[in-house]
Structure formats: C-alpha cells, structure tokens
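Engineer: In case you want the letters, here they are:
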Amino acid sequence: AQKVTQAQTEISVVEKEDVTLDCVYETRDTTYYLFWYKQPPSGELVFLIRRNSFDEQNEISGRYSWNFQKSTSSFNFTITASQVVDSAVYFCALSEHNNAGNMLTFGGGTRLMVKP
Amino acid sequence: DAGVIQSPRHEVTEMGQEVTLRCKPISGHDYLFWYRQTMMRGLELLIYFNNNVPIDDSGMPEDRFSAKMPNASFSTLKIQPSEPRDSAVYFCASSYGQGSIHEQYFGPGTRLTVT
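Each protein sequence line maps, in turn, to chains A and B. Letter by letter, the first sequence follows residues 1 to 116 in the numbering used here. Letter by letter, the second sequence follows residues 1 to 115 in the numbering used here.
For the record, the hints were derived by calculation from the structure and aren't laboratory data. Just so you know, these numbers come straight off a predicted model, no measurement behind them. There's no promise every hint is true.
Claimed, not checked - Computed spacing ranges between beta-carbons, pair by pair:
1) A:S71 <-> B:N52: 18 to 28 Å
2) B:I55 <-> A:D29: 17 to 27 Å
3) B:D57 <-> A:S42: 23 to 33 Å
4) A:G43 <-> B:N52: 24 to 34 Å
5) A:T31 <-> B:D57: 17 to 27 Å
Backbone N, C-alpha and C define an ideal beta-carbon position, used for all residues, glycine too.
Generate coordinates for the entire structure from the input sequences, incorporating the hints supplied.
Structural biologist: Structure follows, in structure tokens:
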C-alpha cells in the first residue's frame, strides 16, 4: 500500500530564511511518481512539480528546489529566501504506476507561515 | 487555456436539502476526480472517472452521494439528503492519462456549508 508522510504539520520562519519541507513515502512499486502541490490561503491547489522514480536528479525552479532520494524514500522541498507569499499549505503526493487510474495519495500537508 | 471550472464556489444549504456541485474539466483530459477536504480528514478522493466512466467510487461516503459524468466536459456530484457533516470543500480535478501518470489540475473548489 502506498503512503505519504509529512511529519512537519506546521513551520514558521521569518522572511528571507531558507526552509525545507520533508516528505517521506512508502510504495512497493518500482515505478511511481511524486508531486508537490501548494494550497495558499485562497484555497486552490496549485501543481508545483512532478517527478518519476527513475529521475533522481534534483530540480531547481527559481527559489524552489526539490531533493529526491530513493535510498531514503524522500522527496524534500526547499524554498530559498522565503517570502510572505510563500505562506501556504504544501502537500506531497504519490502515484504508483500500477494503480489503475492516476490516483494520488496525499500526505497530510505542511502549513508554512512566513513572517515579515 | 481555461483551467478546471467548478460551480458554485460557495453553497449554504439546510440539512435535508439536495446539493449539486458541478465541474468542467480541462479540455482533452480523460480523467476526472472528485475530492473532499476537511480539517479532520484532509484530502479524500471520493470518486474518479476515466473517459466518462466511473472507475472507483470506494471513497464515496455513503449512498447519499452520487456522481455522474454524462460527457467529457461535465460532471456533477450530488448529495441527497445533505447533512451537517457533509460541510467541506469539494474539489474537482482533471488529468491527462495517456502513456504515463500526469499531474492533476484542480478547480477552485466549492465550499459547502450544511446547517
């Protein structure tokens, strides 16, 4: 069975600090996909990144970076020089290739508060 | 391109009334998902469709909930009769499913309050 754990329920930082959001997953499949979504206070869920299990290269997009490590079953998300607009709930999610229909298993989310 | 469209954005109704939530997926997407989000239970998948056919409805809480997808551009989630414990934000999401597992794009959600 697949499972996603986001152990940090809430993180508070001051603007310009770097912050890392942890995501640990469990799966028996060798082929799977990992995702991060952002849910700002306005409520919508915004897709940030998709990564497949065969691509362990880290990815950087502006102030965002992702560290995928299969050895520890982790897919962590770092925000560099955080800004108030980064305040949101961030969800990590997993989809196994063998599941019938693109279903996502979400973690419980990490609420990030960036204070000015 | 327009994203996933949901209506209404907010719904307040009294216990026992019928509620219908609507969703228009992104054009060309062949998967459609309905989720419910509450503080207590987080994000829960209720049901999903592939090419307009319901594939897995194991997340639907009980018989009061039903969902349809009469065509590729429209889906409804109906609650009849509604109860206060149905109060939540309901999200619709769609994705393209050919060849790989792709990201889901979410609508803005419908905030349902049942009094």
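Engineer: A separate judgement is required for each hint: does it hold in the structure or not?
Structural biologist: Okay, the hints, checked on the actual structure:
1. A:S71 <-> B:N52: 18 to 28 Å: violated, 41 Å
2. B:I55 <-> A:D29: 17 to 27 Å: At roughly 19 Å between Cβ atoms, A:D29 and B:I55 fall inside 17 to 27 Å, so the hint holds.
3. B:D57 <-> A:S42: 23 to 33 Å: holds, 29 Å
4. A:G43 <-> B:N52: 24 to 34 Å: At roughly 27 Å between Cβ atoms, B:N52 and A:G43 fall inside 24 to 34 Å, so the hint holds.
5. A:T31 <-> B:D57: 17 to 27 Å: About 26 Å separates the Cβ atoms of A:T31 and B:D57, which means 17 to 27 Å holds.
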